[in-house]
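Asks: Dock chain L against the given chain R, drawing on the hints supplied.
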Amino acid sequence: MSTGSMEQLYQQVILDHAKFPHGRGLPTDGLGPAGASATAVVDHGTCAAQSHQVNPTCGDEVTLRVDLDTSGAAPVVSDVRWEGQGCSISQASVSVLHDLVVGADLARVDELGRHFRLLMSSRGAGVDEAVEEDLGDAAAFTGVSRYPARIKCALLGWSALNDALIRTGATAPATPTKETA
Amino acid sequence: MTTTIDATTPPVGDATHAAGTDATAPPRRHLSAGELAAVRADFPLLQRTLRDGRRLVYLDTGATSQKPDVVLDAEQDFYTQRNAAVHRGAHQLAEEATEAFETAREQVARFVGADADEIVWTSNATAAINLVAYAMSNASLGRGGDAARRFALAPGDEIVVTEAEHHANLVPWQELAARTGATLRWIGVDDDGRLRLDELATVVTERTKVLAFTHASNVTGAVTRVAPFVARAREVGALTVLDACQSVPHMPVDLHALGVDFAAFSGHKMLGPTGVGALYGRRELLAAMPPVTTGGSMVEVVTMAGTTYAPPPQRFEAGTQMVSQAIGMGAAATYLAELGMDAVEAHEQTLTQLLLDAVASVPGVRLVGPADARERLATVAFVVDGVHAHDVGQVLDDAGVAVRVGHHCAQPLHRRFGVAATARATAGVYTSAEDVEAFREALAGVRTFFGLESAPGVPGGAAGKGTGAR
Numbered sequence: 001m002s003t004g005s006m007e008q009l010y011q012q013v014i015l016d017h018a019k020f021p022h023g024r025g026l027p028t029d030g031l032g033p034a035g036a037s038a039t040a041v042v043d044h045g046t047c048a049a050q051s052h053q054v055n056p057t058c059g060d061e062v063t064l065r066v067d068l069d070t071s072g073a074a075p076v077v078s079d080v081r082w083e084g085q086g087c088s089i090s091q092a093s094v095s096v097l098h099d100l101v102v103g104a105d106l107a108r109v110d111e112l113g114r115h116f117r118l119l120m121s122s123r124g125a126g127v128d129e130a131v132e133e134d135l136g137d138a139a140a141f142t143g144v145s146r147y148p149a150r151i152k153c154a155l156l157g158w159s160a161l162n163d164a165l166i167r168t169g170a171t172a173p174a175t176p177t178k179e180t181a
Numbered sequence: 182m183t184t185t186i187d188a189t190t191p192p193v194g195d196a197t198h199a200a201g202t203d204a205t206a207p208p209r210r211h212l213s214a215g216e217l218a219a220v221r222a223d224f225p226l227l228q229r230t231l232r233d234g235r236r237l238v239y240l241d242t243g244a245t246s247q248k249p250d251v252v253l254d255a256e257q258d259f260y261t262q263r264n265a266a267v268h269r270g271a272h273q274l275a276e277e278a279t280e281a282f283e284t285a286r287e288q289v290a291r292f293v294g295a296d297a298d299e300i301v302w303t304s305n306a307t308a309a310i311n312l313v314a315y316a317m318s319n320a321s322l323g324r325g326g327d328a329a330r331r332f333a334l335a336p337g338d339e340i341v342v343t344e345a346e347h348h349a350n351l352v353p354w355q356e357l358a359a360r361t362g363a364t365l366r367w368i369g370v371d372d373d374g375r376l377r378l379d380e381l382a383t384v385v386t387e388r389t390k391v392l393a394f395t396h397a398s399n400v401t402g403a404v405t406r407v408a409p410f411v412a413r414a415r416e417v418g419a420l421t422v423l424d425a426c427q428s429v430p431h432m433p434v435d436l437h438a439l440g441v442d443f444a445a446f447s448g449h450k451m452l453g454p455t456g457v458g459a460l461y462g463r464r465e466l467l468a469a470m471p472p473v474t475t476g477g478s479m480v481e482v483v484t485m486a487g488t489t490y491a492p493p494p495q496r497f498e499a500g501t502q503m504v505s506q507a508i509g510m511g512a513a514a515t516y517l518a519e520l521g522m523d524a525v526e527a528h529e530q531t532l533t534q535l536l537l538d539a540v541a542s543v544p545g546v547r548l549v550g551p552a553d554a555r556e557r558l559a560t561v562a563f564v565v566d567g568v569h570a571h572d573v574g575q576v577l578d579d580a581g582v583a584v585r586v587g588h589h590c591a592q593p594l595h596r597r598f599g600v601a602a603t604a605r606a607t608a609g610v611y612t613s614a615e616d617v618e619a620f621r622e623a624l625a626g627v628r629t630f631f632g633l634e635s636a637p638g639v640p641g642g643a644a645g646k647g648t649g650a651r
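Read top to bottom, the protein sequences are chains R and L. Position one of the first sequence corresponds to residue 1 (the working numbering), numbered consecutively onward. Position one of the second sequence corresponds to residue 182 (the working numbering), numbered consecutively onward.
Next up, chain R with everything else stripped away, as it sits in the complex (with noise of 0.2 Å):
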């Protein structure tokens, strides 16, 4: 086996999330089953919605559940709480998600996800080194952007984020734009 690519793409990161992934397990009174989406439901200051994607080229899976804190002046992830299967690429990336988002503001949210898809489009090369610096554990997967194939398995949770967010209906999230770097 070479070296050096392997462990540049399979980061010991990566592999504790996807060993050990954060907010794993969909509440059994939550919006359906794993597999299904969801759209919103409003309680009190609080919002939950719930999005289902697939990667048809390789069949991995994600169901993802946000809820929001829609009691303050702007909405707030309070959790997101998923159910997946896939490369480990794909679940750890839901695993790092989830540590990034939760108790962000929406506008941090559409942030974070317009910087990892930086990276992902980033061919190996990464990106600046503020931007690096925010993505925290996401700047991992760096050595992702290098494989074509797997740069969707590791935007497979963040478009499950933004789907479900879309279903809160608590606001749209901001279409990403090109010029932030």
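Do not rely on the hints blindly, as some may be mistaken.
[Stated by the list, open to error] Derived Cβ-Cβ restraints for the label pairs, each shown as a range:
1) L:D254 - R:Q85: 41 to 49 Å
2) L:Q228 - R:P148: 23 to 31 Å
3) R:A73 - L:T230: 53 to 61 Å
For the record, the hints were derived by calculation from the structure and aren't laboratory data. Computed from a predicted structure; not experimentally measured. From the three backbone atoms N, C-alpha and C, an ideal C-beta is built for every residue, glycine too.
Replies: Below, chain L without anything else, positioned relative to chain R:
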């Protein structure tokens, strides 16, 4: 073009995998080391290297095969020497182009034990199966008149497929059922991935109008015994549609001997170009079948009031055809025929055993499909415990070993085995024992890499030594 019309029902044969069971058969010829080296030299792509100068180990022939020089040359020759519109124009080039196009049809027909007028060019095998399904749909709407009534479906009728089908031989039938009100039923597979022959008697009934099944699974490599399917279909008067995509490139296939009504196969899996496939249909059936795609080149007389259609195969070949690809497919058939499909099959059976041994030799790796090399092709799907197929494929790729990962367009079969994805190594005529050995070595390192188990003599997993992880 071949000669007489023969409307009689052909005999049922079972010229599936010879499996070495016929003691009276002459010993099968293997490719010698020298022949294999010569074959490999015919494939320019096999000479290239990968990232960091690594040797290419191509074990994804089941997805698409590489192409020999003769195929590339045939296409080039057409465009540099013969290019003209076929079946129209009276100039010399048009004649030569038409002749090359029709010669290719004869080459492909002969290769699968059919007559040239029973071969319809399609853009791929998926299109070939859809052609039959849509012709039946049109017949169900009354198109094609009385002659086409045997293709018509209505509520109460049934279409039978199997749980092992590629989506290409499943979804078109689901759609046909939805359009006509017919019901889709299926034959199951056993734990080794073999079709449940015992279900033929119960699932295929007098209501069955179509029985569509694969000749060889693109996941498990299991080869279907065709004879019981054809026999049961005839008992109940159902049409048979054989997906021969995986069998035609890897074993001798004689469609007349098999006795199926229709068969589909593709060019790109049998050393030919992409963009071309073939539908085989028994002559009398094609003659009775209404057209699907309509327009130029498939007509007899067109007036503003209506149109009569050309006889098959032209009736099903509307518009400009994929001429150079068809010629390339003809060249591929000729190339394989000259090697001898018995020799190709024998060579690949050796590789099947080597692949099975490789998979069995690595702890934590499970085979999906029959373990007996005599019942299967060199299409070997497997699961590595604790490692997702994508991650398996990535580590193999890093060693230069190209396999396919995912559901291989057979989600129901994967669901049957309780897995979402498998990794799959597939061999072809140009695959060598060295390729399989490289595969085995890379496979042996997979679980180690993910820290699941140490290979003998290697302390600890190799993963996680990268920099930049926080």
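Asks: Take the hints in turn and mark each one as holding or not.
Replies: Structure-based check of all given hints:
Under the hint 41 to 49 Å, the C-beta atoms of L:D254 and R:Q85, about 46 Å apart, fit the expected range. Separated by about 25 Å at the C-beta atoms, L:Q228 and R:P148 satisfy the suggested range of 23 to 31 Å. With their beta carbons about 59 Å apart, R:A73 and L:T230 fall inside the hinted range of 53 to 61 Å.
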